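Colleague: Chain by chain, the residues run as shown.
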Amino acid sequence: MTGLFSEVFLGALMFGAVTAAIPLLLAGLGEQMSEKAGVLNIGIEGMMLAGAYLGFVGAFYSGSLWLGFLTGAAGGVAVALIMALLCVRIGLNQIVIGIALTLGLEGLTALLHHFQFSRSYPRLPAANATVIPLLSDIPVIGPAFFKHHLIVYLALALVFGMRYLYRHTQLGLNLQAAGDKPAALDVAGIDVIKTRTIAVLTTGALAGLGGAYLANVGAGLFIPFISNGAGFLGIVLAMLARGRPVWVLFGALLFGVCLSLTTAMQVAGINIPTDVIQMLPFLAVMIMLVLFGRRASLPAALGIPYERGTR
Amino acid sequence: MSIDTPSVNATAPDPTSAAAARRDILHRLLMTLGPILAALVIAGCILLAVGVDPLAYYGYVLEKGLFSPLGIQQTLTRMAPLLFLAAGLIVAFRAGMWNLGGDGQFLLGAVTAAASAPVFVQLMPAWLALICSFLIAAAVAMIWSLVPALLRGYQGVNEIITTLMMTFLGTSLANVLVKLVFRDPGTTVPQTRTLPVEDRLPRLFDTTITSGLLLGLAAIIIVHLVMTRTAFGLKLRIVGANPRAAIHAGLGVPGLTVAVFAISAGLAGLAGAVDIIGVQGNVRADWNPAYGLAVIPAVFLARMNGFAAIGFVFLLSVLSIGGESAARRLGVPNHFTLVLVSIVLIVLALAEYVDHRYNQSRKA
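If you read the sequences in order, they're chains A and B. End of the first sequence = 311 in my numbering, gap-free, step of one. End of the second sequence = 364 in my numbering, gap-free, step of one.
Everything labelled a hint here was simulated from the structure, so no lab data went into it. Quantities reported herein were computed from a predicted structural model and do not represent experimental measurements. Heads up, some of the hints might be wrong.
[Unchecked claim] Non-contacting residues of chain A with respect to chain B, defined by C-beta distances greater than 10 Å in every case (computed): (1) Leu13; (2) Gly63; (3) Leu158; (4) Asp180.
[What the hints assert, rightly or not] To be clear about the criterion: a stretch of chain B counts as covered by chain A if any three or more of its residues have a C-beta under 8 Å from a C-beta of chain A, and this derived list gives those stretches: (5) 153–165; (6) 172–179; (7) 295–302; (8) 346–356.
Heads up, the beta-carbon is just placed ideally off N, CA and C, and yes, glycines get one too.
Given the sequences, and given the hints that come with them, work out the whole structure.
Modeller: Given below as structure tokens:
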């Protein structure tokens, strides 16, 4: 117990927090783009699972983590393609299809895992970290933030890439218009369906990547239901962030710390159910909402399929 | 997947109303059974791909879920909590509120019932004890939904986020309660005290079907009638159709919002209670059947119609009970049921779209 707040412990705790936050961050950023474009993507949990499974399969058979990330993202895109086809192109109910995709991918990945890996439970070797010189020598913060796999830094950079995209590019504006007033975008000569499809497919790629990170770097193996609600957390983060990518990052880190804390408590042998700690981030956010809850600024056309010529 | 383009009411030359009604029912039946068949074929391909005989699998599903006396009784028993959940969702969705927190409300209702029922049966006659347990389970679930309800009603905070978060919180809280507060000291596994079988909800006649089924059916039919036939239901539907118009019509939207959440969550809590008091007898730690996730799309596909929802809940129950048995017998993990349910939902949604499109083009 004495070593609970030692430098090493805090460093490890923060390292774990960042590792746990990355999948949430990727899912949150992805969901944010879908929501901006007016698609409530509840299938994101399924996309993460597809990414986790295919990412693991890719990395396991090729021996390359990067190829694993690629196949993971491709897996997410494949699921997103179904979502885009059914919910954007022909306008089926997004909640029905989203939940159906999540259920289906939960079952399918668990099933495939059973036939492929359930006897051996193979593991990947630990991901080699890219240590950033100088910065990684800072006590506590150094080992926590600057000794990760390269993909972590890329994910962090993506936050600012997204910020730039939404603020300074035509595509970013188109995405927001597709969610706020799709008819206006259509009149301006931009294809709403195409814009929304881009958003949903990007969501799939990011969620798939998040899933692949979860399996390949976070756990080192694939187990059924590995995402364990991370996709739903991504939805919560995206909605709380009110369209700001940086807020998704802060939210993801907050949840990451709590997830990391549960593991640390178990290691330290502290005898309270992990459920108590798992409740913390939600409690914090609910209290924040109760205290500062204002009208949520969600896109006006969120969840409404766009069909030209209807009001 | 458009194998099932409706061929039924293609030619409708001013039929008498009775014939039209019959045609309509036949059409709906075809539009439901056709997609289910198509879904079974698609899912069968997946089974083939992993080396399982689909015909054998479906044979077992039907045998256990539908045709064996014991199996159909289990199916009907499984329907009880699902019906309550569906009833709760119908109220919320018709009023335009996305209560996605059903699972948290369900679990808290279940834990409350599991904790209170064994105590109550020692204090009062069994029937009164069960009623009290039901009421307190519903009350706890209602209180749990109060935060999202107030936030949505008075602050306009989106209820999808709040109910999703409350469901994560509720699941954890239910576990904490089972492990720390209501844990049965007599067992090594963390679980609540078990309600003796003779004190549980009576079974129907000589079967193993729980009488909770009747309660569930009553709940969903009452909800359907209230939503479609009463002034209160009309008010809720107006709020759902256009909240701003509802304000202009003089409706107290915030109050109605809280009422909707209370009813919806209360019914989810009753679903938990009926599963515990009728079937399980206790709550084990980390028990979460996640019924809500499957019921939500089913309620949508039923177009929030209570009677159609009964049909879909029956279908879900057949698939889940039959699937469990088929998986066990063929040595496949039970996860395939999830895949099957998913494909059925997607194909049904697609069929509805095709049907809708077809009708539109016919009118035009």
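Colleague: So Asp180 (chain A) supposedly isn't at the interface. Is its beta-carbon more than 10 Å from every beta-carbon in chain B?
Modeller: holds (15 Å)
Colleague: Beyond 10 Å from every chain B Cβ: check whether that's true for Gly63 (chain A).
Modeller: holds (25 Å)
Colleague: When I compare C-beta atoms, does the region 172–179 of chain B have three or more residues closer than 8 Å to chain A?
Modeller: holds (count 5)
Colleague: With a C-beta cutoff of 8 Å, work out whether three or more residues of the region 153–165 of chain B approach chain A closely enough for the coverage to hold.
Modeller: holds (count 9)
Colleague: Does the claim that Leu158 (chain A) lies outside the interface with chain B hold up, using a Cβ gap greater than 10 Å?
Modeller: holds (23 Å)
Colleague: Measuring Cβ to Cβ, find out whether Leu13 (chain A) lies farther than 10 Å from everything in chain B.
Modeller: holds (20 Å)
Colleague: State whether the coverage of the region 295–302 of chain B by chain A holds or is violated, taking the criterion as 3 or more residues with Cβ-Cβ distances under 8 Å.
Modeller: holds (count 4)
Colleague: With a cut-off of 8 Å between beta carbons, are at least three residues of the region 346–356 of chain B near chain A?
Modeller: Check passed, 4 qualifying residues.
Every hint from the earlier list agrees with this structure, and none is contradicted.
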